[in-house]
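Top line first, the protein sequences correspond to chains A and B.
So the first sequence is numbered by this note's numbering: it starts at 5 and just counts up by one.
So the second sequence is numbered by this note's numbering: it starts at 5 and just counts up by one.
Any copy, or any two copies together, can satisfy a pair, since identical chains are not distinguished.
Dumping the calculated SDA-like pairs for lysine to any residue here, alpha-carbon to alpha-carbon at most 25 Å:
1. Lys104 with Ala68
2. Lys104 with Ser29
3. Lys76 with Arg57
4. Lys104 with Gly77
Don't read these hints as lab results, they were simulated from the structure.
In this text the structure is predicted, and so the values were computed from the model without any measurement.
2 protein chains.
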Amino acid sequence: AQMALEQDYEQQREYDTRFHVLMESTRDAFIFIAQGSGRVVEANTLAARLLGRDRNDLTGSAFAQEFDGRRKGEMMDALSAAAVAEGTTSVPAQTRKGGKNVHLYPILFRASGERMLLCRIDQNAGENAMSDALP
Amino acid sequence: AQMALEQDYEQQREYDTRFHVLMESTRDAFIFIAQGSGRVVEANTLAARLLGRDRNDLTGSAFAQEFDGRRKGEMMDALSAAAVAEGTTSVPAQTRKGGKNVHLYPILFRASGERMLLCRIDQNAGENAMSDALP
Numbered sequence: 005a006q007m008a009l010e011q012d013y014e015q016q017r018e019y020d021t022r023f024h025v026l027m028e029s030t031r032d033a034f035i036f037i038a039q040g041s042g043r044v045v046e047a048n049t050l051a052a053r054l055l056g057r058d059r060n061d062l063t064g065s066a067f068a069q070e071f072d073g074r075r076k077g078e079m080m081d082a083l084s085a086a087a088v089a090e091g092t093t094s095v096p097a098q099t100r101k102g103g104k105n106v107h108l109y110p111i112l113f114r115a116s117g118e119r120m121l122l123c124r125i126d127q128n129a130g131e132n133a134m135s136d137a138l139p
Numbered sequence: 005a006q007m008a009l010e011q012d013y014e015q016q017r018e019y020d021t022r023f024h025v026l027m028e029s030t031r032d033a034f035i036f037i038a039q040g041s042g043r044v045v046e047a048n049t050l051a052a053r054l055l056g057r058d059r060n061d062l063t064g065s066a067f068a069q070e071f072d073g074r075r076k077g078e079m080m081d082a083l084s085a086a087a088v089a090e091g092t093t094s095v096p097a098q099t100r101k102g103g104k105n106v107h108l109y110p111i112l113f114r115a116s117g118e119r120m121l122l123c124r125i126d127q128n129a130g131e132n133a134m135s136d137a138l139p
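Only chain A is shown next, with the shape it has when bound in the complex (with noise of 0.2 Å):
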């Protein structure tokens, strides 16, 4: 039973160690939210910086807090509503900081009993100016 729990835990950390490998290496920005609590559970970088924000502050709070004129149960129920519709829906949203307009596209998961949103956040066509600019 030692050997297998020492297995469990190595399994464990394989797991965890490339699922953070993955987040980093992703050109998406991505936000792990629990759907109950509608707090954050993991960004990657990238999410973290389209944020304006540092990813460990981010970790824990709202994920609603993030925007303009969005509140908690809104942006929630917005986000479910768009995970569950048919095709490609996503949600539109501008950042706070930095005022950024963005959309939310939702994945709706469960693990381990607790219902889990995946959001990738692409920022606008054409919002960025530096690969706006033309030669």
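Model the placement of chain B on the given structure of chain A, informed by the hints.
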């Protein structure tokens, strides 16, 4: 101890679920490869599609076999060298199925004492006739 064990299983399953949701949600093609054996540990659907393979068949197969003109040792050496090089370095390759020109962007890390590569696969710009066609 039984409680702790159950909590470990729960935690592991949760990471497992999050990992797979993330793998299938990113818009990048990703493959995890065991550095020692050169075999595919995990691939997402986008990566499998780029390689013209079924995702499940890909798991456990030799990564180098998916490309033309690269022997296994040579491919793993090239990926490892690119992973430790300064700046963003890629390995050019041509897929065996479909003959697509791609660039491989490897990241080297250690999980459970084993070295692993996470490889992003980008299809070369202009290769896809659909996205290349201007109105």
